[in-house]
Amino acid sequence: MSSKDVILGRVRAALRDTPTPEPVVRDYRRSFPAADLELLVDRLVDYRATVHRVAADAVAASVSGITGGTVVVPPGLPLGWRPPGALPDDGLAPDRIAAADAVLTAAAVAVAETGTIVLDASPDQGRRIITLLPDVHIVVLRPDQVVASVPEAVARLDPARPLTWISGPSATSDIELNRVEGVHGPRHLHVLLLER
Amino acid sequence: MRIALFVTCLADTLFPEAAKATVRLLERLGHEVVFPVEQTCCGQMHVNTGYQPEALPLVRNYVSTFAGYDVIVAPSGSCVGSIRHQHPAVAAAAGQAGLAARAHDVGARTYELSELLVDVLGVEDVGACFPHRVTYHPTCHSLRMIRVGDKPLRLLRHVRGLELIELPDAEQCCGFGGTFALKNAETSAAMLADKMTAVESTGAPICTAGDASCLMHIGGGLRRAGSPVRTLHLAEILAAT
Amino acid sequence: MTTFLGMPATAPRGVGHLRGDEPFPRAAHTALADGQLRRNLRHATTTIRAKSGRVIAELPDWQELRSAGSAIKADVLSRLPELLERLEARVTERGGVVHWAADANEANAIVTELVRRTGAERVIKVKSMATQEIALNEALEAAGIQPVETDLAELIVQLGQDRPSHILVPAIHRNRSEIRDIFLRAMPGVDPGLTDDPPALAAAARRYLRETFLSTRVAISGANFGIAETGTLAVVESEGNGRMCLTLPETLITVMGIEKVVPAWTDLEVFLQLLPRASTGERMNPYTTMWTGVTPGDGPQNFHLVLLDNGRSAVLADRVGRQALHCIRCSACLNVCPVYERTGGHAYGSVYPGPIGAVLSPQLTGVEDNASLPFASSLCGACFDACPVKIDIPSILVHLRNQAPHPPAEKAVMRAAAYAMSRPRLYARAQRAAKLARIAGRRGRALPPPLSGWTAARDLPEVPRQTFRDWWAAR
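Chains as they are written, first to last, in numbering that gives the first Met the number 0: chain A, 0 to 195; chain B, 0 to 240; chain C, 0 to 474.
Because the hints were derived from the structure by calculation, they are not lab data. Check before you lean on any hint, since a few could be wrong.
Computed, partial: chain B to chain C, Cβ under 7 Å [to be verified]:
id : residue
1  : Leu-57
2  : Tyr-68
3  : Leu-181
4  : Glu-185
Chain B stretches covered by chain C per the calculated footprint, using a threshold of three residues with CB under 8 Å from any CB of chain C [claimed, not checked]:
id : region
5  : 10 to 17
6  : 33 to 43
7  : 139 to 146
Where is the CB? At the ideal position from N, CA and C, for every residue including glycine.
Just chain A, same shape as in the assembly (with noise of 0.2 Å):
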């Protein structure tokens, strides 16, 4: 016999008996109003990201005004946002994309709530090591994927791709349960927040 089905036969023996739990109601929060974006920026300064207003066209020059170095870029991130000498991902070794200054990626979502940027993995964001190991991480975040909650960030995800979640730079609280900000992920977040 399988371990499965020792597992299994031991919980449905513990469940005999068991009346059926109440139904799950859901009057939390589900609908929420239009996300505000000061919000999100009060909220990503507070965990100590950088926060820069800057217009569509404007990108790569921003981005070059952070870093002067080596700035990884995912394969499928628009031309016009690449800053000069920008490293494509065409499948890079670890150690070339953690030799970099910096990596700029889009994203796919963000909470203003909690001041989280979603990253789903696609071309204009690249795979998830590009962005773990460069200590500068910059992303560019359209307003019309800002939204105002968690739940209604849940919804637009497709949990199919593999999600990085983030709010705010590496940080731990692991010495007397004070926040510190840079781990071992990138010590420093930029977030390019493109004009409406």
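Please build the complex by placing chains B and C on the supplied structure of chain A, with the hints as guidance.
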């Protein structure tokens, strides 16, 4: 109103002044207090120490003693919590659905003193006078089991001459916990030490609460430490004129 | 005959970290005497309580979210077989391999064999309660495989040859200067001029682990959630070590307790609001990774999911106690617990400390193997109020106390008391006899055990001359 008093075994035996004060207070407010002599103990100590079957006759005794009364008061948030929440569960676990239903009904008519005064009798100013500085410790079961909220504080704020001094970290447990104080005596004492520090930091000479059990613990610690701070049951302050 | 299908079984003895070496009161004695530990715990729990309270107050629907979280978990438990089989099917469809482990020994054997097949001699680990519970690190070491903990607090514990003492922050019992001392002593290549500044300590861990992340081919993780509907696994973290482990290696092995399955993708909208606010007191934790099977060209190309029972079915069999399986490992109950704050996590013996540990560990092992834990609480109820999935911990504690073995002397006293208290006249007579205790009750007089526990720190009240009952009769 005719109000049946459940005195609680602890107040009956060790803290009768709290129970007498409850009687005087309610009579002063124009109510009739009756004391059904068949009452004994709510059985909370048995339930909380793992002797649930042994508590069943105590539940039955409570229910039969008080079934005939519309309003029952006890000067203890902890005992009321046990009566309201544990009695039906003890009866149900013993397969006694009828007793569980009756226990539920009687429990719903059993009130902690501040609940009775504010919710049932609709008074916050009980006409008391107590010209002292007082700090109030909200006991855990009053706070989190029966949720008396700020009712005791509202009553205390109306007492003439009383200066209420806020207790730091008031909602932290004093460390009593029934047989916890014996089985985990050192942890209990560590919690007590912090509670005593908080009480003494207020400078109030009197610490009050709605449970004689917690007061026995805090008061016993203060006395052992030679502290001048006294403990006094909420009923005793509200009965003072 | 279907008995061979197996009745719910507790976690086996002789493996794992669910049982302590000594009863709680004795272990607490050591902790209570450690002033530094008391200060560290008080500082940390006070900090997190304030933070968590602030961000919870921002959500107008916190109570509704708690109720929904609790209801979803109750629903999960009631149809666990169906959900587990669905999760298995979805993970398999997406290129993952699902293994079933009835207990710690089987889980350790499965993981060890999977690592051995890759030829790797070292694995990187994301902090995981399940792998701590089964003592996977010890099993790997015995097989010649080096497990490297990558979570900062786990690293502090591992380098300090210490034991974890908190679900979320395993090194909560250490302050910054103790952490610096551990790093200076045990971290290869550490800068000897390292200060105890927290950012400097975090940077030292970053430098130390960077090369290990890039050069290790196998990672082992736990999972916060496994979604039956989609086959998606989720790991919630802060530092990025989780992302490293879940992204860089060729092979990922995830060990997940069977109770961690949730029905639908949508259910994450509840738990992703509850967990970070209750746990680290943040609106959202810095990083959450979600993956479904294998994604070609992105992340590990070999994914194994190990579903672990190890006593969970036994917990499930108890109608009152099973709600302990709702736990999402946020540790809010530890942070508000006045007992935990004084004793710390080691006193609980098990990897699951604090209030949730006091109800979960005895159920996973059978109460007889953790008999002192249900009593390690004053039943103050702060844990129930703090729990984001509304586990009624005080009620489970009381329930488990009924299953615990009682000392014979106590049993005799409690029975006699119950006998007298259910007979009003006998009770009144016994009460009068209590006046005899007045002699014993004199200030400072010590009583024999177990009452000596009382008189060690407190005076007994003076026994009054007249009971209330007698006063009433004489009125």
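Let me make sure I understand: some of the numbered hints might not hold for this structure. Which ones are they, in numerical order? 2
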